[in-house]
Structures are given as C-alpha cells and as structure tokens.
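Enquirer: If you read the protein sequences in the order shown, they are chains A and B.
Last residue of the first sequence: number 321 in this note's numbering, and the count goes up by one each step with no gaps.
Last residue of the second sequence: number 321 in this note's numbering, and the count goes up by one each step with no gaps.
Because the hints were derived from the structure by calculation, they are not lab data.
Careful, some of the hints might be misleading.
For identical chains, the list gives no copy identity; a pair is met inside one copy or between any two copies.
Claimed, not checked - With a straight-line cut-off of 25 angstroms between C-alpha atoms, the simulated BS3-like cross-links for lysine-lysine are:
1. Lys116 x Lys215
2. Lys133 x Lys269
3. Lys269 x Lys116
4. Lys116 x Lys260
5. Lys125 x Lys252
6. Lys133 x Lys116
7. Lys215 x Lys252
8. Lys129 x Lys252
9. Lys269 x Lys241
10. Lys129 x Lys260
There are 2 protein chains.
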Amino acid sequence: MLILVTNDDGIYAPGIHHLASCMPENADIYIVAPESPHSGQSSAITVKNPLRITEHKEFEKGRIKAFSINGTPVDCVKLAIHTILPGNPDLCVAGINHGSNAGNSIIYSGTLGAALETTTLGVQSIGFSLLDHSMDADFSECLPYVKQITEDVLSKGLPPRVCLNVNFPANCKINGVKVVSAAKSHWTDEYKEYVDPSGHKFYLLTGDLVNEEPENPGTDLYWLERQYGSIVPATPDQSATWEIPTIRDIVGE
Amino acid sequence: MLILVTNDDGIYAPGIHHLASCMPENADIYIVAPESPHSGQSSAITVKNPLRITEHKEFEKGRIKAFSINGTPVDCVKLAIHTILPGNPDLCVAGINHGSNAGNSIIYSGTLGAALETTTLGVQSIGFSLLDHSMDADFSECLPYVKQITEDVLSKGLPPRVCLNVNFPANCKINGVKVVSAAKSHWTDEYKEYVDPSGHKFYLLTGDLVNEEPENPGTDLYWLERQYGSIVPATPDQSATWEIPTIRDIVGE
Chain A
69 MLILVTNDDG IYAPGIHHLA SCMPENADIY IVAPESPHSG QSSAITVKNP
119 LRITEHKEFE KGRIKAFSIN GTPVDCVKLA IHTILPGNPD LCVAGINHGS
169 NAGNSIIYSG TLGAALETTT LGVQSIGFSL LDHSMDADFS ECLPYVKQIT
219 EDVLSKGLPP RVCLNVNFPA NCKINGVKVV SAAKSHWTDE YKEYVDPSGH
269 KFYLLTGDLV NEEPENPGTD LYWLERQYGS IVPATPDQSA TWEIPTIRDI
319 VGE
Chain B
69 MLILVTNDDG IYAPGIHHLA SCMPENADIY IVAPESPHSG QSSAITVKNP
119 LRITEHKEFE KGRIKAFSIN GTPVDCVKLA IHTILPGNPD LCVAGINHGS
169 NAGNSIIYSG TLGAALETTT LGVQSIGFSL LDHSMDADFS ECLPYVKQIT
219 EDVLSKGLPP RVCLNVNFPA NCKINGVKVV SAAKSHWTDE YKEYVDPSGH
269 KFYLLTGDLV NEEPENPGTD LYWLERQYGS IVPATPDQSA TWEIPTIRDI
319 VGE
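With the sequences and hints as input, model every part of the structure.
Expert: Shown next, in the form of structure tokens:
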C-alpha cells in the first residue's frame, strides 16, 4: 500500500507529521509538501518557474520518506505522482491543516486544492483540518478520528471524483462526526489599511467569516460549533449543470 | 451602472482592454488587475504580504479608470470592492483571458477564480477566455459575442451564486454559442526534467489536456472543437451534496 501525505502549511508544520503517524503500519508513506507555508493557495499551480525537489532525511522514519518542493500544494501532488512516488498511490491525505477549511474557506484552501487535484488524477483523497491556527495546536483529540476515517476510506473506497473535506473542533472533546454540506458563507471587512514610512498606503488581509445559514443542521459550521467533526464530500467539477436551462433563456440559445 | 473589469494575465495584457471596450457606454468602468501575470492562480489569496494599489492614468479613457494590485486575481476583486470602487458593482467581468479555461482548466484559472469570488460576494460575474495564449491574439471575432452576453446578463440577471465561464475558439469564424457543462478532463505527462549548471535536477510544467468524454455534446470541449463558443454556468460551492448518503455509509455515521 502506497500513501501520499501533503499539506499547505509546509513540511515543517507539526500537523503533517501527526497525519503521517495516523497512516496504516503496512503502508509506504511519502510525505511531499511545500518547503514553506502556502496557506490560501487554493488550486494554484506554478506555471513558469522551475520546481526543485529536496529530500528530508530528518523526517525519515520506518516506512516514511519525506520530500519538499518549492511550489504550491497542487504542484506537490502533481510532481509527487509524476516523479517521486514509485507508483500510483492508493490514497492521498492532506493536512492536518492548522486552521479551519470549513464553510467557503474550502475554495481558498491549499489543503483542499491538493485533495481535489488528487481526485482529478483518479486517486482517492481526504483533507483534514483542525480549527486552531497555532503551530503548537493540540491534535491529540482528533487523531483517533483521522485514523478511523482513513481506515474506512481505504477499506470501502470513495466514489469517483469526490474527496472528503474533514474539519475538527479544537481544544474540546469531540462528540462524533457528521457528513454534511459546506455552509453558505463569505468573508467580510477584509482589509486593514496601513501607511508605510514613505507615506504610501498598503493593505493586509483580515476579516470575519459570515455564516449565511447558522441554523442549518445540514452544514459543517453548524456541527463544528457543537463540538462535532464535519465531513463534506467535495467535487473538483464546478459546473452548475442544473442552471443550464436558465442560462439558455438568458443568452437566447 | 458600475462594472469591475479584472483578469489574471495582468493589467498590460491586451485582452483586458478589449474586454473593457465591450462594456456599455453608460457604465462607469473600473479596471482592477494584477500588476503582473498570474495565470494558474486559481482562487489563491495573499495571506501575509502587504497589498499596494497603483493607479494607471495611461489606461484612463472616458468613463474607464484603471488600477493594478501586487496580488492575485481574487485579491484584486476583494480589494477593489472593499477599497477602490465607489459602491457595489452591478457586474464583474474577467478576461478576456489569453488561453483556454475550458474543461478542467477552470479549477486552476485565475480568471475564473476572480469570477467565482465575485459571485460569493453577491455580485454577478462572467469570465471570458479566447483559445489563444499569444499576447497578439486576434480578439475581433469574439468581441460581438462578449458584448451580447454582457448585455443579456445585465438586462436579465444571473441566478444567485452562479457565474459564467465563457470560452471562444480562436482564429476562425464563430458559429454561435452553446450552454453546456465542463468536459470531464485532466492533464497528463506534466513535467519536463532539466539539469541545471551545478548538476541538480529541476522541473517545468508542461503536459496535455485529456478530454475524457470527447463525443459528449453536453460539454464545452466538444463545441469549442466545432467552432462554437461555450458557456458553462459555474458555482463556487464544491460540496458534492448528492454523495452524502454514500459517505455516511462509508464512515458509519
């Protein structure tokens, strides 16, 4: 069994090594992750710049090998499967992300970018995230769930072209997991304005996630607030096929 | 009427100025685009670095104003609506991209990243692309279609949370437009290996798009090959809600 482990926080983030430690003992594990943090990189790819692979002997342990790439999470998945791995993996896991990828955060997430990419390449995948941004986040409560979900997926298989976006609440007992949709949500008040020493303005990203359906028990944000883990099946196909008749009316086809 | 015009090829790409020229004469047009090319940036956001806004008087003309930002297409949309525009726009158009965003290319596209972001913020949007990567691409054949689709959307409105991904064939007469889904597709043979002067390997992205359903007339790639423009309704919500029962079985919820 061959498993690819990646993330968007970079190879030095503790979350990815916790994730590798949850994989089955009879698997060959390849950690292939960005050499530096790439949060918010979505499905971005490096188009023109050279990509280089670095082996990390310091993270080798038993059947775990480790490599970093000077690129995005999607670059890591593509180049790992093309060049580094000895064959097609049976599973790709991404994370454990330091911070939430629930609600509409999935669209910006490099962790889910990696998982969605793997799905497109025909390999089943799971993105895991913990709702704590800090580098010393406590993963202990979620690790048994990570193990169990991984075992379930390996033994039963995922439907084609669907990956899982799994989020866990932080710093609390987890009551269980719920399979739901992503809550309709968006970010607001997104920039703080500053003035630099030469008098020019600049802006830094900030903001709050607004949950547009806080009372909907069919959504991830609802259950995360109630100390449950959430599992959202996610697709890389963004076609809104159900709207085709409406759009035909609008453009007069 | 207020219209935001953006792209991922950057403010100096001809396509964005062709696009601005297609907007209605009674609209105030704000071009807000990356200061350098950002192809393949998907929905990436700049998380930690300062964003700066530069006004471009050289592109001002009539009711058109122009600005660039040292960030991604999604940064441009967010910061434009937050800081630059005098109010919420009635429409955002992105493009005209130099190159295809059909099939699964949408997931990597900064042009569509911008359009999907605008949709999330409650503003209707359209991404336009021409299947010619060159900077001296000939846009003349597609411009009447860009104008007509923009007029149709402004007069009839799009459904909420759906934007349009519009692609045009290049260097040919266009036979019309078809409203369809994105063709199931993926990239293959994606890296070329090189050796640098000091003997270390590096890799550059290359590869071919494989259409997994070439005979399906319900898809964009089918019609683009037959000299039609394609219009794919696209959603930022990646939840595969229809798979929830299957995933519940797999994880035993």
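Enquirer: When Cα atoms must be at most 25 angstroms apart, do Lys133 and Lys116 count as within-copy, between-copy, both, or neither?
Expert: neither (28 angstroms within a copy, 30 angstroms between copies)
Enquirer: Since the copies are identical, ignore which copy is meant and state whether Lys129 and Lys260 lie within 25 angstroms (CA to CA) inside a copy, between copies, both or neither.
Expert: neither (44 angstroms within a copy, 30 angstroms between copies)
Enquirer: If the cutoff is 25 angstroms on CA atoms, where do Lys116 and Lys215 land: within, between, both or neither? Let me know, please.
Expert: neither (38 angstroms within a copy, 32 angstroms between copies)
Enquirer: Indicate which option fits the pair Lys129, Lys252 if close means a Cα-Cα distance not exceeding 25 angstroms: within, between, both or neither.
Expert: Classified as neither; 41 angstroms inside a copy, 39 angstroms across copies.
Enquirer: Is it within, between, both, or neither for Lys133 and Lys269, if the alpha carbons may be no more than 25 angstroms apart?
Expert: Between. Shortest inter-copy distance 19 angstroms satisfies the 25 angstroms Cα cut-off; intra-copy 45 angstroms does not.
Enquirer: Under a CA distance limit of 25 angstroms, which applies to Lys215 and Lys252: within one copy, between copies, both, or neither?
Expert: neither (29 angstroms within a copy, 32 angstroms between copies)
Enquirer: Reference check for the pair Lys125 and Lys252, CA-CA at most 25 angstroms: within, between, both, or neither?
Expert: neither (43 angstroms within a copy, 39 angstroms between copies)
Enquirer: Should Lys269 paired with Lys116 be assigned to within, between, both, or neither, using CA atoms and 25 angstroms as the limit?
Expert: between (30 angstroms within a copy, 16 angstroms between copies)
Enquirer: Within, between, both or neither: how does the pair Lys116, Lys260 come out at a Cα-Cα threshold of 25 angstroms?
Expert: between (32 angstroms within a copy, 12 angstroms between copies)
Enquirer: Tell me, please, which holds for Lys269 and Lys241 at an alpha-carbon limit of 25 angstroms: within, between, both or neither?
Expert: neither (44 angstroms within a copy, 47 angstroms between copies)
Violation of the numbered hints given earlier is confined to hints 1, 5, 6, 7, 8, 9, 10; the remaining hints are satisfied by the structure.
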